[in-house]
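Colleague: Residues per chain, in single letters:
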Amino acid sequence: MIVAGCDVGSLSAKVAILKNGDMIGSAVVRCGTDPDASAKAALRDALAGTGLSAEDVEYFVTTGYGRKRISFGNHEESEIVCHARGAVAQAESVRMLIDIGGQDAKAIRFDEDGRVERYFYNDKCASGTGRFLEIIAEALEIELEDLGALSRQATKDLLLSNQCVIFAETEILSLVSEGMEIPDIVKALHRSVARRTSAMAKSIGLSHDIAMSGGVAKNVGMFDALQEALKCDMVRLDKPQVNGAYGAALIAADIVASGGNRPQD
Amino acid sequence: MIVAGCDVGSLTSKAVVMKDGAILGHAVVKSKARPWESAEKVMGLALENAGLKQSDIERSVGTGYGRGKIPFVDRTLSEITCHARGAKWLVPSVRTVIDVGGQDCKAMKLDPDGRIDKFVANDKCASGTGRFLEVMAKVVGVSLEDLGDMSRRARHPVTFANACTVWAQADVIRHLNDGVAVEDIAAGVNAAMTTRIVTLVNNLNVEKDVCMTGGVAKNQGILSGIEKQLGFRMKRIRRYDPQIAGAIGAALLAADGEEGEER
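Chains as they are written, first to last, in the numbering used here: chain A, 1 to 265; chain B, 1001 to 1263.
Since the hints were made in silico from the structure, they are not lab data. Because the structure is a prediction, the values reported are computed rather than measured. There could be a bad hint or two in this list.
Which chain B residues stay away from chain A? Per the calculated CB distances, all over 12 angstroms, these [said to hold, decoys possible]:
1. K1053
2. D1113
3. V1135
4. R1174
5. K1208
Here are the in silico distance ranges between beta carbons for each label pair [what the hints assert, rightly or not]:
6. A:S78 with B:K1032: 33 to 41 angstroms
7. B:N1205 with A:S78: 17 to 25 angstroms
8. A:S71 with B:N1205: 50 to 58 angstroms
9. B:K1032 with A:E138: 52 to 60 angstroms
10. A:S78 with B:R1174: 18 to 26 angstroms
Derived pair list, reagent style DSBU-like, types lysine-lysine, alpha-carbon separation capped at 30 angstroms [claimed, not checked]:
11. B:K1041 with B:K1218
12. B:K1124 with A:K124
13. A:K218 with A:K19
14. B:K1218 with A:K124
15. B:K1069 with A:K156
16. A:K124 with A:K68
17. A:K231 with B:K1124
18. B:K1030 with B:K1218
19. B:K1124 with B:K1228
20. A:K40 with A:K202
21. B:K1118 with A:K124
22. A:K218 with A:K231
23. B:K1019 with B:K1124
24. A:K40 with A:K124
25. A:K156 with B:K1032
26. B:K1124 with A:K156
27. A:K202 with B:K1124
28. B:K1138 with A:K124
29. A:K124 with B:K1228
Backbone N, C-alpha and C define an ideal beta-carbon position, used for all residues, glycine too.
Just chain B, with the same shape it has in the complex (with noise of 0.2 angstroms):
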């Protein structure tokens, strides 16, 4: 059976398309601003990407903050539901989800089985979400992407007073004009987001394994800051970008045939 998931984020789009259980194509899109757009495109990718097209898909979940706007699927469902599915079969050991997307941070603790037992989310305040790191980047005047590589070489980073996002802004601004390294405040960066990050996952009794999905998964400096505070290491995504595990659990839903909202 052909099934597609479809994970419309505040900033990025991501699509999945499978057969029984193993990926066929996969597409990450930046948003557009009207979700249906964003879904369209980012699906109409991941089909190119596995040599089919849409009249192949027989069945289809969307999920995401734009999952109530995607024309095509038969059903939605959360994202806590999707990225614990796609982390469970990502990380088949795993027991602890971290999930940092643009826009939000949240955490999930599952059962043996991979089902929830537990969640916690911040989607209330930029701190410690992508959107964090997206200003910092852009006051630093570096990509996201240098922001995590610049952190590595730092040699005196620099300590946020505050998490809030408007403040840390200023506080970077300061530095950058005192002549600070650009290197030890992306430093200062990404430990004020690890803090925030681990703070909120430290709610759930957290148990290994512990695996962290979403775009900000990507972010090296961002994954070994939380291992350092949390004690141990986690599991890597490696097989697949982690940031397209939300769209893959929507697509192993839409195989289970799993009771969502209908369309």
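Next comes chain A alone, as it looks inside the complex (with noise of 0.2 angstroms):
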């Protein structure tokens, strides 16, 4: 049984595509302006060496932000529900995850089963979200992969004082004028978000272990601000990026096995 999950989100498009269970290949592409043009990149990309073609994908179930503008989706799941069941089959001890997207930041608790039992999502304000490390990554003139191992040389604890991602950036480029190094204030700049979405995670309690997910979770630096800022030693999952379409592709392979019964119905 070949099934595939696919999760549009502002900036990328992920896939993931199972055979009887197993992930055998998984893409992630930056988002153009037309979703569905996004997830059918994605789509050849995953395909790619695994000797499959599209034709061969029995049920997609597809999530995210842009998943209404999918065209070859079967089903359409929320995005909660898909990371919620991704992250327990990547790491069978999670019961929460922190998920930090482009626009977007959301903690989710659930359990063993993946069920979802309370989230908290922001898409109100840039702060918190990727956008504010994109921002400043931006005005530093850094590459936003480099931030997490920039963050690793710090050798001073800064605090910024501002939440608002407006007048943090004026504050960072002060600090930058004031002679501050950079690795100090790119830590700084972590454990601000962290500091945001570690509230957030502890509004709807607690619950171990934690996991991060989105393309966030891959930078080292904002990973560490989490931990310290929750106090606690989290999972790291292998593939935390394509965590929401690993778990729309194992919902596609429970309706598959269901013989076709959504959810919902």
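Could you use the hints to bring the two separately framed chains together as a complex?
Modeller: Rendered as structure tokens:
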């Protein structure tokens, strides 16, 4: 049985392909303006090297911000549900997931089967989302990918006093002009985002183990800062960025196995 | 008695020189990175405007974001106190003051004697502050003044889904790329701004008369937008620049001999 999950977010499209429950292919592509085209590109990349074609995929579950605009989906599922499902399948001890995306952040608490208990979602304020990191990286002329390594070179504990991205950007630029070291500033930036996301997670009650998903989870500086803010060791997922797509694919497998019964039906 | 008030804000610095309850000179300058430089410069201009020199000032009060770093004042007082006093002097019937500055938004309710009853403030989030307008004007590529004027020529104002300055900025870029008229974007920016201000103000039980102070009070689009949402007209400050209300209040409080933090 071949199934797939497709997660189209605001910044990237992710696809995971499962063959008899095992992930045999996955891909992440940067989103263009057309979610459907981005999803198709991710699917093509995920299929590459598997020897399969799109026609071989029996069932598609779509999720994410752009899910309603994907033309080839068989079923839509909320990303909260998909992320919870994906996380437990990736690491069975995980009961809480913090997902920091490009334009939102979520904290999801779930049971041992990946059923969602409570969640908190922020897409109202850019602070605490990946966009904060992007804007500051741009202002400091640093590659987004380099933020994590830079923050590990920090020698001082700076604290940003502004939570608002707009105000923090000004604050950071004045720290630079005052001669503060970039690694120290980058670490302060991660701690600032972590302060915001950890508060969100605490508001729904922490449940251990905690893992992190989303593209930002690849950033070690962010991971360190979140562990510090939550005062615990967190679980590292092998594929944090395709976690939602993986969850979607697992749900697709469930639907096929149950003879086409959709979860809500 | 000759007194002075100096209000060093995040974006602009203001100074007023008064004698026996009348304004002799005033000035507004863009704030520099160092608050003391802004203070010296703006006070120098206000004194020049009044035809006086620093040694003529008997008492002075500093206020604003940078008040702790003004070298020449005797005392410092909070912006809330100074804006309330300044607004009361400018509009004697005022009971609610809305002050929108470059980096914050405050609203104060005054009792009939001008004492502060209650106040609310946002200085955590750029949305609903002058900074929001500044960011949007920059994205659209027009001056702050033009943004206000343009909004009045809008035919189909856009609506922003979200108050966050960062997200609204992305929306503006998308609208520009889609070929939406800049006038319609400007009107959307003003509407988002006024909604945010009125949401804050409504945390007070607003009483008339209402007036607006601060740099944003010079933007007619914002003023009328707030009036539309409040459902009544505000008292317009016409005698003087509404941006100097805090500095006026500081000068008046200096004359009163108001106890502040001594320097």
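Colleague: Hints first: check each against the structure and report whether it holds.
Modeller: Hint-by-hint comparison with the structure:
Every CB of chain A lies more than 12 angstroms from the CB of B:K1053, the least distance being 33 angstroms, so the non-interface label holds. The beta carbon of B:D1113 is kept farther than 12 angstroms from every beta carbon of chain A, the shortest such distance being approximately 35 angstroms. A Cβ of chain A approaches the Cβ of B:V1135 within 12 angstroms, the least distance being about 6 angstroms, so the stated non-interface status is violated. At roughly 9 angstroms, the least C-beta separation between B:R1174 and chain A is not larger than 12 angstroms, which violates its mark as non-interface.
Non-interface call for B:K1208 relative to chain A: holds, since the shortest CB-CB distance, roughly 32 angstroms, exceeds 12 angstroms. As the Cβ distance of A:S78 to B:K1032 is approximately 50 angstroms, the hint placing it in 33 to 41 angstroms is violated. Evaluation of the 17 to 25 angstroms hint for B:N1205 and A:S78 yields a failure: the beta carbon distance comes to about 40 angstroms. Judged by the Cβ atoms, the range 50 to 58 angstroms given for A:S71 and B:N1205 holds: they are separated by roughly 53 angstroms.
The given range of 52 to 60 angstroms is broken by B:K1032 and A:E138, whose C-beta atoms sit roughly 25 angstroms from each other. One distance hint, 18 to 26 angstroms for the beta-carbon pair A:S78 and B:R1174, holds here, with the actual separation near 25 angstroms. The hinted pair formed by B:K1041 and B:K1218 meets the criterion: a straight-line CA distance of about 23 angstroms does not exceed 30 angstroms. Proposed proximity of B:K1124 and A:K124 is supported: the alpha carbons are some 14 angstroms apart, at most 30 angstroms.
For the given pair, A:K218 sits about 26 angstroms from A:K19 by alpha-carbon distance, which is consistent with the 30 angstroms threshold. Taking the CA atoms of B:K1218 and A:K124, the gap is near 29 angstroms; set against the 30 angstroms cutoff, the hint holds. For the hint linking B:K1069 to A:K156, the alpha-carbon distance of about 27 angstroms falls within 30 angstroms, and the restraint holds. With a C-alpha separation of about 21 angstroms, the suggested pairing of A:K124 with A:K68 holds against the 30 angstroms cut-off.
A C-alpha spacing of about 26 angstroms is found between A:K231 and B:K1124, which places the hinted pair at or below 30 angstroms, so the restraint holds. Pair hint B:K1030 plus B:K1218 holds up; C-alpha atoms about 16 angstroms apart against a cutoff of 30 angstroms. Restraint check for B:K1124 and B:K1228: the C-alpha separation of about 26 angstroms stays at or below 30 angstroms, so the hint holds. For the given pair, A:K40 sits about 37 angstroms from A:K202 by alpha-carbon distance, which is inconsistent with the 30 angstroms threshold.
Restraint check for B:K1118 and A:K124: the C-alpha separation of about 28 angstroms stays at or below 30 angstroms, so the hint holds. At roughly 19 angstroms between alpha-carbon atoms, A:K218 and A:K231 fall within 30 angstroms of each other, so this suggested pair holds. A distance of roughly 37 angstroms separates the Cα atoms of B:K1019 and B:K1124; the hinted pair therefore is violated under the 30 angstroms criterion. For the given pair, A:K40 sits about 29 angstroms from A:K124 by alpha-carbon distance, which is consistent with the 30 angstroms threshold.
With a CA separation close to 28 angstroms, the supplied pair A:K156 and B:K1032 stays within the 30 angstroms bound. A distance of roughly 25 angstroms separates the Cα atoms of B:K1124 and A:K156; the hinted pair therefore holds under the 30 angstroms criterion. Between the alpha carbons of A:K202 and B:K1124 the distance comes to roughly 21 angstroms, so the proposed pair stays at or under 30 angstroms and holds. For the hint pairing B:K1138 with A:K124, the CA-to-CA distance comes to about 22 angstroms; that is within 30 angstroms, so the pair holds.
Taking the CA atoms of A:K124 and B:K1228, the gap is near 25 angstroms; set against the 30 angstroms cutoff, the hint holds.
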